[in-house]
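Student: Using the sequences and the hints, build the whole thing.
2 protein chains.
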Amino acid sequence: MPSSSDINNTYLLGIDGGGSKCKAIIVDADNNVLGEGISGPANPLHGFEQAVNSITESAQRALENSGLDLQLKDLTAGVGLAGVNLPALFEQMSNWAHPFGQMFLATDLLIACLAAHNGSDGAVMITGTGSCGFSYVDGHPYTIGGHGFPHGDKGSGAWFGFQAANYVLMSLDGLKEPSSINEKLLTLLGIDNGLEMVEVIAGKPAAFYAKMANLVFDAAEEGDAEAIAIVKEGAGYISGVARQLAKQNPPRISLIGGLTPRIKPWLAKDVKDSLAEPLCAPEMGSVIFARQQLALL
Amino acid sequence: MPSSSDINNTYLLGIDGGGSKCKAIIVDADNNVLGEGISGPANPLHGFEQAVNSITESAQRALENSGLDLQLKDLTAGVGLAGVNLPALFEQMSNWAHPFGQMFLATDLLIACLAAHNGSDGAVMITGTGSCGFSYVDGHPYTIGGHGFPHGDKGSGAWFGFQAANYVLMSLDGLKEPSSINEKLLTLLGIDNGLEMVEVIAGKPAAFYAKMANLVFDAAEEGDAEAIAIVKEGAGYISGVARQLAKQNPPRISLIGGLTPRIKPWLAKDVKDSLAEPLCAPEMGSVIFARQQLALL
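In the order they appear, the protein sequences are chains A and B. Using this note's numbering, read the first sequence as starting at 922 and increasing by one per residue. Using this note's numbering, read the second sequence as starting at 922 and increasing by one per residue.
Don't read these hints as lab results, they were simulated from the structure. Don't take each hint at face value.
If several chains are the same, the list does not tell them apart, and a pair holds so long as it fits within one copy or across any two.
As the list claims (entries may be wrong) - Dumping the calculated DSSO-like pairs for lysine-lysine here, alpha-carbon to alpha-carbon at most 30 Å:
| no. | residue 1 | residue 2 |
| --- | --- | --- |
| 1 | K1168 | K1097 |
| 2 | K942 | K1185 |
| 3 | K1153 | K1125 |
| 4 | K1153 | K1097 |
| 5 | K1168 | K1193 |
| 6 | K1168 | K994 |
| 7 | K1125 | K942 |
For clarity, every value in this text was computed on a predicted model and none was experimentally measured.
Tutor: Pasting the structure below:
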């Protein structure tokens, strides 16, 4: 392994690896993005080999995309990953014989938070396929939720879709009044009855249910009472996460993730009023993290 | 295959095959049980080979246990199975080159219902690891729920355990008041914090969660407000299933399954008052079904 003085720290790699894809950027000294690359899943909980292959591939693509005459071994990488909140996976990833000059590893939550607040202290609520709350204040990380699907991740895309599926099955049984959710969901799944629905949804992962989230918000915005109840319950949870995070006194708090534009209007007013726009994309958080770590060396 | 006249229909086999075990009985002409046998899982949804092996094994054991000088090929079997409500699995099981003289195949729901009402019309609510409602009136089968875990099966043991796990994770995050459920659940799992809990519960099947159901009822009976809320929601669903089944005008309605003694006190009064004691065990329902089918030949 080269000493840090051998490495060109003008250019940095920033990597954000999650359960469905891995994104890498290469930046110059002023954090201008010179190249980017995307590859497959990189959550080591779902396979170490796949994760390290995706990380390497996304980095290689970003480097090629930049046109810089460098190799991965010439570069320092900040790597933010889902799954490494589990100590065993953090250790396994730390021991990876990575292709970079140096690697600084962090959780996807920390790099998302650093990105949202451009490296300053703050908090984030993340709601996409999953959901989670995280704050980083005075060097102290604090996590709420993010327990995974289906036992946790309330207020996430998967949770909204799951509630919709529960509801439709009950209404097809005559145990709930039918609502506009029924037709939207059966249409999305391309089926027309409950028995087919059970065959289609049995054993499906979070990403499958997350695809149903938008129709719940569509129905709620059209005034469907059942959809409104589901949306209010999920948004109420995210508001509760925000208030719990606020007790850590973060200077800024942001809402991020794919469900942000849908769920934001449904948050409690005090929570909505407290939100600050995220300042950078998550992969830039990995760059920021790497610079902070380099400054400590 | 021998014609029915070659087969000794004095003695009948009754088989009840589910997701965790398969039970067989052999009875005489008066339905006295002469022998019984138990084997492993027999839901063909989880594996056709395993299911047919379990069925054969349980039958062989029942025959040995009876001491009768007969072989499986000399006997007519009534076979009630989980999973065969799905048409493809019913067809696959029907085409099985079974070892019996004759086999009559039915869903586990139908045989449970026939057993509860000793072959007469009626309805059952089943709540064990899963939950389901079923009625059989004038030859018309009608099913409510039983959609599986985690997307359905409200009011089942798995559902109660899942609600308890959801609740504990939220209370460990400070988003719900802690209750006596917390200590009971962490003790049962042999852990002491939320991160360990997530590792222990991730990806677990219905049977895992069903083990937590009793502690929810224990807490509710001790007056724990959160447990009471969970129990009332689950019991309310089962009461709703009962009222929906009552619309089919079943002469009798019974509550069966492992959770019966715990959930019965929490049902709505009108539902509780409508319940009739089940008359036979489910495997006897397979015998009753086979006799009914033989009478039709």
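Student: The structure should be examined with respect to each hint, and the outcome stated for every one.
Tutor: Now for the hints, and whether the structure bears them out:
In this assembly of identical chains, K1168 and K1097 lie within 30 Å of each other by CA distance solely across copies; the values are 15 Å between and 39 Å within a copy. Taking CA atoms no more than 30 Å apart as the test, K942 paired with K1185 passes inside one copy only; the shortest distance there is 24 Å, against 48 Å between copies. In this homomeric assembly, K1153 and K1125 come within 30 Å of each other (Cα to Cα) both inside a single copy, at 25 Å, and across copies, at 28 Å. Both within a single protomer and between protomers do K1153 and K1097 lie at most 30 Å apart by alpha-carbon distance, with minima of 18 Å and 17 Å respectively.
Taking identical chains as interchangeable, the C-alpha atoms of K1168 and K1193 lie at most 30 Å apart only when both belong to the same chain, with a minimum of 16 Å there against 47 Å between chains. Within a single copy, K1168 and K994 get their C-alpha atoms no closer than 42 Å, and across copies no closer than 72 Å, so neither meets the 30 Å cut-off. For the identical chains of this complex, K1125 and K942 are neighbours both inside a copy (19 Å) and across copies (25 Å), given an alpha-carbon limit of 30 Å.
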